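Visitor: Sequence:
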Amino acid sequence: MCLQKEKMMSKRYTITAALPYTNGPIHIGHLAGVYVPADIYARYQRLQGKDVAFICGSDEHGVPITIKAKKEGVTPQDIVDKYHAIIKQSFLDFGISFDNYSRTTAKIHHDTASDFFKTLYDKGEFVEEVTEQLYDAEANQFLADRFVIGTCPKCGNEESYGDQCENCGTSHNATDLINPKSAITGATPTLKETKHWFLPLDKHEAFLKEWILVGHKKDWKSNVYGQCKSWIDDGLRPRAVTRDLDWGIPVPVEGGEGKVLYVWFDAPIGYISATKEWAEREGKDWEPYWKDENTKLLHFIGKDNIVFHCIIFPAMLKAEGSYILPNNVPANEFLNLEGNKLSTSKNWAVWLHEYLQEFPDKQDVLRYALTANAPETKDNDFTWKDFQARNNNELVAIFGNFINRVVVLTNKYYEGVVPQPNEFSAIDEETLATLKAFPAVIASSIERYRFREASQELMNLARLGNKYLADEEPWKVIKEDDARVQTIMYVALQIASALAILSEPFLPFTSKKLKDILCHSELVEASTWNSISEVLELLPANHTIGKAELLFTKIEDKDVQFQLDKLEASKKANEAAKKKVEPQKDEITFDDFSKLDIRVGTILEATKMPKTKKLLVLKVDTGFDTRTIVSGIAESFSPEEVIGKKVTVLVNLAPRVLRGVESQGMILMTEDESGNLMFVSPDEHDKVSNGLSIS
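According to this note's numbering, the sequence shown is numbered sequentially starting from -4.
The set of hints was computed from the structure by calculation and includes no laboratory data. Check the hints yourself; a few may be wrong.
Straight line, CA to CA, 25 Å or less: simulated DMTMM-like cross-link-like pairs of lysine to aspartate or glutamate [as the list claims (entries may be wrong)]:
#1 Lys224 <-> Asp197
#2 Lys176 <-> Glu153
#3 Lys118 <-> Glu200
FRET-style restraints, in silico, Cβ to Cβ [claimed, not checked]:
#4 Leu648 <-> Thr607: 17 to 25 Å
#5 Leu559 <-> Lys373: 22 to 30 Å
#6 Glu288 <-> Gly250: 32 to 40 Å
#7 Arg443 <-> Lys561: 33 to 41 Å
#8 Gly250 <-> Lys561: 49 to 57 Å
#9 Arg443 <-> Asn135: 49 to 57 Å
#10 Asn406 <-> Asp287: 26 to 34 Å
#11 Ala392 <-> Pro634: 51 to 59 Å
#12 Arg443 <-> Ser225: 18 to 26 Å
#13 Val436 <-> Thr372: 15 to 23 Å
#14 Lys614 <-> Lys373: 54 to 62 Å
#15 Ile583 <-> Lys561: 41 to 49 Å
#16 Asp587 <-> Asn135: 42 to 50 Å
#17 Arg443 <-> Ile81: 27 to 35 Å
Small disclaimer: the values here were computed from a predicted structure and weren't measured. Each residue gets a CB set at the ideal place from its N, CA and C atoms; glycine is no exception.
Take these sequences, add in the hints, and give me the full structure.
Guide: What follows is the structure, given as structure tokens:
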């Protein structure tokens, strides 16, 4: 189906963004992968005059939440209440324009998910089976997938979860793990029989093969299509839709006591319940947004959710029978941070709520940096240096510079009144024609989910404005041809007005600020996406604009260094936490200890042991003699570094011959938090004399 025909047919858009788990705050990986591209798309469609329902909410069930609650000694409800509030406020402050942000602990969601399950149950769409599941006898409970950790059968990762390996991305069952362990007690689980309901994906395999592999071969992203094809080619199998847990939506049929709906089943239904909640609040009918063929349904997600949104949820919708299926699922890859994989548990992340505090009024800077470097086709890396460069070299030097020059000159020459243009030159007409082409160019990129490309086309429009001013030089021409400058400034103001409109999906705070400067609220007819191409003039002659304000300010090196220092602190903390402390050795008596003769000494000479990497031959003054000690420290210290070093020596250790040299004692060493060797030094200021005994 061609793009233009599809756009004409779509009367409304239901746009969903992956429901974030409420066991922690939002970080830049979530933003780059899901929420910024979804928001760009929703804002763009609204500017096109489309009927949009942009839906999201907190995913508040699932084992990660119960695990966090156990660790913190609180209830799961306490955890979700805390993080739901943080996440919702962060999205609001960052300008993500959800029409509704709901939560899966809401009554409307429990009712919707229960009704959905019962509909499928009554239609006979589930298979009821008694199967063997992993059971922790010590905890006296069945182990849901995230309560099991073991070795991934595909890549050998020893810390794979029971449902998915975060190292290789493979989905599997907990019983597939090698050497599984309970995440609750650490015990080895046993298999125990339990009854559950399964969605027979194999029953829908033919439909999914036709719908995805044939129907969406050309319009779905290659990473999405490829992962779906791999799953389907491997053969689909029944998947459990219930779990033995006490946190979640109770299974609403006979025999479901003590069981809840599996989170992957209940979470996507959250899109439907959130739409119902929004429609009820706005006095709308929710059903057309999910059941009308003229509605375009889109799921914005990360690549770890492709299977759930492209295979499992569509199978559920198809089984129910009255719902439309997603038109597209433009999943992104992952965003790394400073060369390393983002990790919430290791605090290797840039948290949204912290960014908003540390970079006030710079929401659009992060939005732009994440969009310009979005992981659309492969994993990408976010660096603070690139963030700084995107701001200083593009937003400040190109976009902001153009707007500032136009507004300052208009106020200087014409007291803020848009001048009446005179005869257009060839360059004027060419510039205005190029300007009118930009909405279609940017729209084409957005409609194909190429948001990086679209953001750069927006910046190209600002470049067009800068080049036009630089070539026409109104500040020079004003001295001899005021009529020509009127035309130059009129054309430049049209570009500024177009930037105010076209930047709204990408830079909403900047767009509003620029519209206020240009007094755009007075120009109702020239404020939509298509008006740039269709309206004769965006800022008419005699329209009065406001005074200049800086749209962007430079980000200094110290601001970037502060963020790098935060990450370095996290890295050191992780290394310290990972470092294993040697266990205490067998207990000794005081008499055993008193046999050790530990003295203070000074290293007088040091040479490398020939043909070895690790050994230094040391001459040590012990206070009562000078002796040779061979020490395995050559990989950490050079001979020059240790000469004159005050050290602690075990002097009554029986001599031992190493590489033909008799070693007469031992230098006492330890390791720092990073595993680097350190001397056990008696005194940094050499106040302790050689030969003194240590007790």
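Visitor: Determine for every hint whether it applies to the structure shown.
Guide: Right, here's what the structure says about each hint:
At roughly 14 Å between alpha-carbon atoms, Lys224 and Asp197 fall within 25 Å of each other, so this suggested pair holds. Between Lys176 and Glu153 the CA atoms are separated by roughly 10 Å; this keeps the pair inside 25 Å, and the hint holds. Taking the CA atoms of Lys118 and Glu200, the gap is about 19 Å. The hint holds against a cut of 25 Å. Between Leu648 and Thr607 the beta carbons are some 20 Å apart, a value that agrees with the proposed interval 17 to 25 Å.
Range check, Leu559 to Lys373: about 24 Å between beta-carbon atoms, so the 22 to 30 Å window is met. Checked against the given bound of 32 to 40 Å, the beta carbons of Glu288 and Gly250, roughly 37 Å apart, stay inside it. Between Arg443 and Lys561 the Cβ separation comes to about 37 Å, which falls inside the hinted range of 33 to 41 Å. In this structure the hint that Gly250 and Lys561 lie 49 to 57 Å apart at CB holds, the actual value being about 52 Å.
Arg443 and Asn135 have their C-beta atoms about 53 Å apart, which keeps the hinted 49 to 57 Å range intact. Taken as a hint, the range 26 to 34 Å is violated for the pair Asn406 and Asp287, whose Cβ atoms sit roughly 50 Å apart. Between Ala392 and Pro634 the C-beta distance comes to about 53 Å, which sits within the given range of 51 to 59 Å. Between Arg443 and Ser225 the beta carbons are some 23 Å apart, a value that agrees with the proposed interval 18 to 26 Å.
One distance hint, 15 to 23 Å for the beta-carbon pair Val436 and Thr372, holds here, with the actual separation near 20 Å. In this structure the hint that Lys614 and Lys373 lie 54 to 62 Å apart at CB holds, the actual value being about 58 Å. For the pair Ile583 and Lys561, the beta carbons lie near 44 Å from each other, so the given range of 41 to 49 Å is met. Under the hint 42 to 50 Å, the C-beta atoms of Asp587 and Asn135, about 45 Å apart, fit the expected range.
For the pair Arg443 and Ile81, the supplied restraint of 27 to 35 Å holds, since their beta-carbon distance comes to about 34 Å.
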